[in-house]
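Please work from the sequences and hints to get the whole structure.
From first to last, the protein sequence lines are chains C and E. Mapping of the first sequence onto my numbering: residues 694 to 943, in sequence order. Mapping of the second sequence onto my numbering: residues 467 to 965, in sequence order.
Simulated from the structure, these hints should not be mistaken for laboratory data. The reader is advised that the hints may include incorrect statements.
[Unchecked claim] Partner residues aside, some chain E positions facing chain C, computed with beta carbon under 8 angstroms:
(1) GLU860
(2) LEU867
(3) LEU880
(4) GLY956
Values in this document were obtained by computation on a predicted structure and should not be read as measured data. Every residue, glycine too, gets a C-beta built ideally from N, C-alpha and C.
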Amino acid sequence: MIELIDVAKRYGATPALAPTTLVPARARTTVLVGPSGCGKSTLLRLVAGLIAPDRGEIRFDGEPLGPHNLDRLRVRMGYVIQEGGLFPHMTVAANVTLMARHLGWERARLEARLRELAHLVRLPESMFGRYPIELSGGQRQRVSLMRALMLDPALLLLDEPLGALDPMIRYELQQELRAIFARLSKTVLLVTHDIAEAAWLGHTLVLMREGRIVQRGTLEELVRAPADPFVERFISAQRAPMERLRRVLA
Amino acid sequence: MRGWLAALLLLAASAAPAQDAAPVRIGSKKFTESVVLGEMARLLVEAAGHDAVHRRELGGTRVLWSALRAGEIDVYPEYTGTLLQEILVRERIRDRAALARALARRGLRMTAPLGFNNTYAIGVRAQTAERLGLRTISDLRGHPDLVLGFGNEFMNRADGWPGLRRHYGLPQTDVRGLDHDLAYRGLAAGALDAIDVYATDAEIAYYGLRVLEDDRDFFPAYHAVLLYRADLAARAPAAVAMLERLAGRLDEDTMARLNARVKLERERDTEVAAAFLERHLRVESEVVARDAWTRFWRHTREHLALVAVSLSAAIALAIPLGVLAAQYPRAGQLILGATGIVQTIPSLALFVFMIPLLGIGGPPAVAALFLYSLLPIVRNTYAGLTDIAAPIRESAAALGLPRAARLRLIELPLAGRAILAGIKTSAVINVGTATLAALIGAGGYGQPILTGIRLDDLGLILQGAVPAAVLALLVQGLFELAERLLVPRGLRIRATGAR
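Written out as structure tokens, the structure is:
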């Protein structure tokens, strides 16, 4: 599916990603997790072709990613970012169907797919005519996900998709995302800094720090056999407040 | 019925051969006397059976001389002193025969002198003259504190102030350059003590000015002549013969009186010229009395045409330039820099720069307005595109939309509001600047303003200034309407603050 082989990226003199090899499992959800600046977003943006690697190779179904085939291969990837990145001058329906219309889909097919996706992400059809500014944050992310899924891509890329939502909506959407991933069984690459979200959504966790992968595996493996004292610290840093809370309530 | 038709056809056929294909083009400088002489020339040429157009108030000597040399006009009134002391000063010509030869070498000819000598002179208020005992120019030497105001041409010409100061050893240091027509008002108001006047100026009598005697013979003679292209004599010999009939017919008093009728009594220059020709040369002319509305519509049409052509051309070029600038930062520096430099050129200078390239009239005015309209549109297109948030731009790229489709479907619509604002700014500037186009013969609302300044007629100035202001407001309203129609609701909601 997607393979990163010895890929590295630096911004000016600052290394953003040390030479890294990663082959996410097909039809599984792989979550890149780590503190900010660890290189997880850089890695995702490299896969989406928004930035080019300084060295190494990214292959999509065995085909190396390059400027010549980027637009063609992007049609087979869906991409969702934190704030949704919806086009403010287009309605919900226009945002979701933009690329399909550009590819010349027929109207009936467009509408059927639009309704199917609205059902999947649980967005009321009455929202189709609204503009992004008229939607709540959660609705915007649902629309963004619909847009990413419109062409039924083989690979789904999500960069902190729930990062800008308040905790209640975030929790609700975490539940739904997991169900959607399970239903679609696509190859998913998701970025988050929240270890609980990562464990809930991902089959495999890839923990990163300062441009390097520190450890990969399930949460269980990360807890039981941390490769590095940092792994332990990162996990307990997010667990500690919850346990303190539990003690107070008890 | 049939007989009428036959008579009409006969009439048309008999009139046709005398009509030259290309009309004879007459120019005039931007002061009353030149315009009146231009009108006389036009009426005479028409009386000879040729079509004639009079491009009035084209500007100063340089503009008219260049236009005549370039064949943009065929005839214009000039003064021998200006030819000898200014235009051909390097040739050190002594007499009229030598002048005719110098003109012939340039493919030009002149008529015999029309009669009057419109020399420069120095005028002061009668009270000032009494108080200081001023009678001659030499008398000015004793009063170094006097404030002098001279027309812009006189300020810089060799036969103007620089020569006069040297010749008489004048000590005054407070010397101001200003428009000739405004100088009279400055003198009357007491802001100036002495100004340059033309001997036939109507205002000398009107303001009761004392003309100081040129006691050391500095000013050369300025005999009025009609200057014309030699090829006109071959093309329209009858017209040239008619022009020659004006020779010797206008003495100083006659010309000053004609000037006064136009300038002080507000008679129309065409009627004054026609009446003179009819009375003294027995040349009858059909003076079409154009009423105010007809003139207004003509100026409106001219103004709209200038704005519409130059602005659409500017939009067509500036938006792609702005896109280019946003796409390639290095080209962007160059594009924004170059259009910015154009904007720093004073608009009047830009109009005049266009004359050697495009002649006079509509084309150079459109070109200058076009250049002037570029910057706001280029800059706003550039700003609108570069202001689009990175997540939006990347989302469009990540969808797999090709570059051109991203520009068309996402980036240009998002920058639309900024681009429209730029076009609106350009349009308003364009409407205002187009009033200057009259100076190079392009007409429009600037024409009544120019004539109004020349005749010191506020009403006439307002006839141009008010419609120009109204047009600017209309254009602005039009673009606001366009914004409402073109900018999608998703972008407008934010502007009103609703959620």
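Hint check: is the beta carbon of GLY956(E) less than 8 angstroms from a beta carbon of chain C? OK, holds: GLY956(E) within 8 angstroms of chain C, min 3 angstroms.
Supplied contact hint for GLU860(E), tested at 8 angstroms Cβ to chain C: holds (5 angstroms)
For the restraint on LEU867(E), tell me whether the closest CB of chain C is nearer than 8 angstroms. holds (6 angstroms)
Quick check on the hint: LEU880(E) CB to chain C CB, less than 8 angstroms? With Cβ-Cβ at 6 angstroms, under 8 angstroms, it holds.
In summary, the structure agrees with every hint in the numbered list given earlier.
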